[in-house]
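**Q** Sequence:
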Amino acid sequence: MNITKTHNFNKAEDVSIIPFLEFYYYSEKDISFTAVNEDGGKRPDYHIQTDNSLVEVKEIHDKESNQKHAQWGKIASKLQKAVDNNQLINKVKGTFLVNTPELFKTPTEQKAFESASSQVLQAVIDNKKEVKVFGVDFEINKVSKQESVVVFGSHGSGGSIDPANIVYQNIKDKIATANQQLGNQPQDIQPKKRILLLVNKYYFPLWNWDLFKAISRVYKELLTYVNIDEIWYQFETKDKGFVHKLLYRKTFFEQFEASNFTDYNADDLELFANWFSAMSEMGEEEKNKLLMALRYFLKDKRPYQIFLNSQTREEMVRLGLWLAEKELFNDAIWLVEQFIIDNDPPLPEDYKGDEKFNYHKQVLNNEDVNIITTVLGHLAWVIQKLAVRKNYIVKALEFTQILLNHPNLYVKLQGVIPLVEIAARRQWLEEYDKENNTKHYSEFRKLAFNLLDKYSQYRAIANSSTHVFYYFKDINTKEAIKVLDKLKGAREAAALFVYFGIFRERHFKDKVLFDPKPLRRKLILAIKDNQKEYEDLQGSIAWNFWRILAETPDEFNTLKPYIDLFFRLPYSKRYYSSLERIIEEWIERKPEICISWFINSIEKLLDYVDNNEMTARNTWIEPEKPLQFIASNKPSMLVGLVGKLVKLWKHGAFVGSPREIFETYRLVQDINTKNKIRDQFKLWYGEMKAINQKLEHVSWE
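Numbers given in our numbering equal positions in the sequence shown, counted from 1, plus 125.
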């Protein structure tokens, strides 16, 4: 390409216009351009003589901001590089913005930044809101559940840096001015096209969502500007190359506003894709226009065939949530039908991306996969919205089958989301079958048990599947046994063990024959067994007992025999915290039972501490409320119990507040008994004070 500058002086904007011409007219052999003589008025910068176009160049920058953040940018760059190279980044689930102060001092050694990156990433992984690095506080904000990204920003003295708002503030007036300039062409020029070139002069590049969010804020004005046909963005890269991106094309948005597309090309489709997210946040009118445009563009193409960026397609899928919210269910179904055969995520054997985003493999490796991502992953949540509506549950079942039959395990995992809602409303399927002579209920059953049989060995899928059978309870004995056997290692399996072992026999008596005895034995085995595989399950069962009693106190006598089983077990903090809560909340209503449990719990803890002195400091009990009740109602037991607590304390166990424990003597009604108890307590307090001089003060008055 031969570019000829026909003006005989150097214009500052030449450094921007020449690379733009190389890009824009890449197919031309010869390009000539000249600077427009302003003649004392505001005119465009250039006339492109080759095709009779006008170009106005505007820089977007904030010199004060650039100078202010230059030093911060160097520090942030070092931190970013250290974070990107740190192995801990692979454990991050989501996109996080870490805001730092604008000015702070750092060491110069690279190792200091490597250490700082580990501090930041560990704090992100631990879901902390802030972390102290280099002696200052870094603020952590989760901005998305997607990807595995940690980036740095600065809150300076006036809040976090918002690139989109910064750009908007810098371009809104410049675009208005450019509209005037491009309309004030020399009399001898009748331009074919008027172009505004925005040149990024910030110290940082701008992501797509910043650019299009910024320009979307002047969208209404752009529609009224008759002298701007196109807006392009230019950014110079570190290697002195240039990035050019189309931000606006008048002819396309005129068609968009009219919902009538007669003349568009691949650049316009990319423009539509880039605007989609920002446009969807502008209001319901724009959302409707986006839907109309999608209907046109997808008449004979699959989304992935014309919108190559998967994140763009994710945004498009999320439009379905709004459609469901507005009860536009036929439109939502149309949207699902377009995206249900998508290649994101790909078939497992076709994956070629970064392994930290290979969610199929993460499910396969029994990792926790709690992120909502990919096109099909987001689509599952739209299908869920259909599943909760009676008129659309059959369609939701059809879509759910497609997801659950997908070879990618992550897609199967997300397919459980709508399956749970279908399980909760499966009677609608039965009603539909009776009215239409169909077999959708049996298809649902087959789907649920196929998932259980073939994929419950994967922890993430097992964890999600528990919710299916939490609702899908009208199953027979053999099926219930299979559910417990397959899901016993799942995070929330305890609720199933408790339900099928205790409560299932009360329900569905006229529907399915059910023998509770084998399920009851499984529950008892899960509580009593000392195998490692039952440890977490036991803790969850105890917690479920506490929750049931808190919500339905009438079940106390039903659950008591099973709670008794826990007090025959050795101490374990996995379940003792829940047992303590039961004792504390029930001791006034069931004193004899709860006092017996309380005594047992102290003795079990004492046995554990006697045999595990090295771990005594990791044990605890909070006995204050039961002791207060015993002091008021069973004072003869008080000295013996407190004596055991003193012994536990001397072993290093946490036993609550010594002050509150010893001051329980004041609740004893009989004066003689009170004085004897007080005297004994004072002796023990003295022994403890000799060990720990900082022991809290006790009132003996």
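Calculated directly from the structure, the hints in this document are not laboratory data.
Keep in mind it's a predicted model, so treat the numbers as computed, not measured.
One thing to keep in mind: the hints can contain errors.
[Stated by the list, open to error] The calculated SDA-like cross-link candidates involving lysine to any residue, where the alpha carbons are at most 20 angstroms apart (straight line), are: (1) K257 with E227; (2) K607 with Y624; (3) K254 with V274; (4) K634 with A549; (5) K611 with D661; (6) K775 with L820; (7) K769 with E749; (8) K477 with N490; (9) K375 with N304; (10) K216 with A549; (11) K685 with K657; (12) K613 with Y624; (13) K598 with R551; (14) K613 with D654; (15) K759 with S721; (16) K230 with V217; (17) K775 with E710; (18) K486 with G768; (19) K326 with V274; (20) K698 with M739; (21) K299 with V351; (22) K715 with T740; (23) K218 with F259; (24) K297 with S243; (25) K375 with K363; (26) K647 with T677; (27) K579 with E568; (28) K613 with F628; (29) K759 with E710; (30) K218 with D479; (31) K647 with D689; (32) K642 with K657; (33) K345 with K317; (34) K317 with A549; (35) K750 with G768; (36) K657 with K598; (37) K130 with A160; (38) K657 with T740; (39) K520 with Y566.
**Q** Regarding the pair K698 and M739, is the alpha-carbon distance no greater than 20 angstroms?
**A** 15 angstroms, holds
**Q** Take the C-alpha atoms of K230 and V217, compute the straight-line distance between them, and say whether it is at most 20 angstroms.
**A** 27 angstroms, violated
**Q** Does E710 sit within 20 angstroms of K775, going by the straight-line distance between their CA atoms?
**A** At roughly 28 angstroms apart (the allowed maximum being 20 angstroms), E710 and K775 break the hint.
**Q** Is K634 close enough to A549, meaning Cα to Cα at most 20 angstroms?
**A** 19 angstroms, holds
**Q** Is the Cα-Cα distance between K345 and K317 20 angstroms or less?
**A** Given pair K345, K317 is violated - Cα atoms ~24 angstroms apart, limit 20 angstroms.
**Q** Please work out if K579 and E568 have their alpha carbons no farther apart than 20 angstroms.
**A** 16 angstroms, holds
**Q** Taking only the CA atoms, is the gap from K759 to S721 under or equal to 20 angstroms?
**A** 12 angstroms, holds
**Q** Within 20 angstroms, alpha carbon to alpha carbon, are K647 and D689?
**A** 16 angstroms, holds
**Q** Can the restraint linking K598 and R551 be considered satisfied, given a maximum Cα separation of 20 angstroms?
**A** The given pair, whose Cα atoms are some 11 angstroms apart, holds under the 20 angstroms limit.
**Q** Would you mind confirming whether the straight-line C-alpha gap from K375 to K363 stays at or under 20 angstroms?
**A** 32 angstroms, violated
**Q** With the threshold set at 20 angstroms, check whether the alpha-carbon distance from K254 to V274 stays at or below it.
**A** 16 angstroms, holds
**Q** Holds or violated: are the alpha carbons of K477 and N490 at most 20 angstroms from each other?
**A** 18 angstroms, holds
In terms of the numbered hints stated before, the structure departs from hints 10, 11, 16, 17, 18, 19, 22, 23, 24, 25, 26, 32, 33, 34, 36, listed from lowest to highest.
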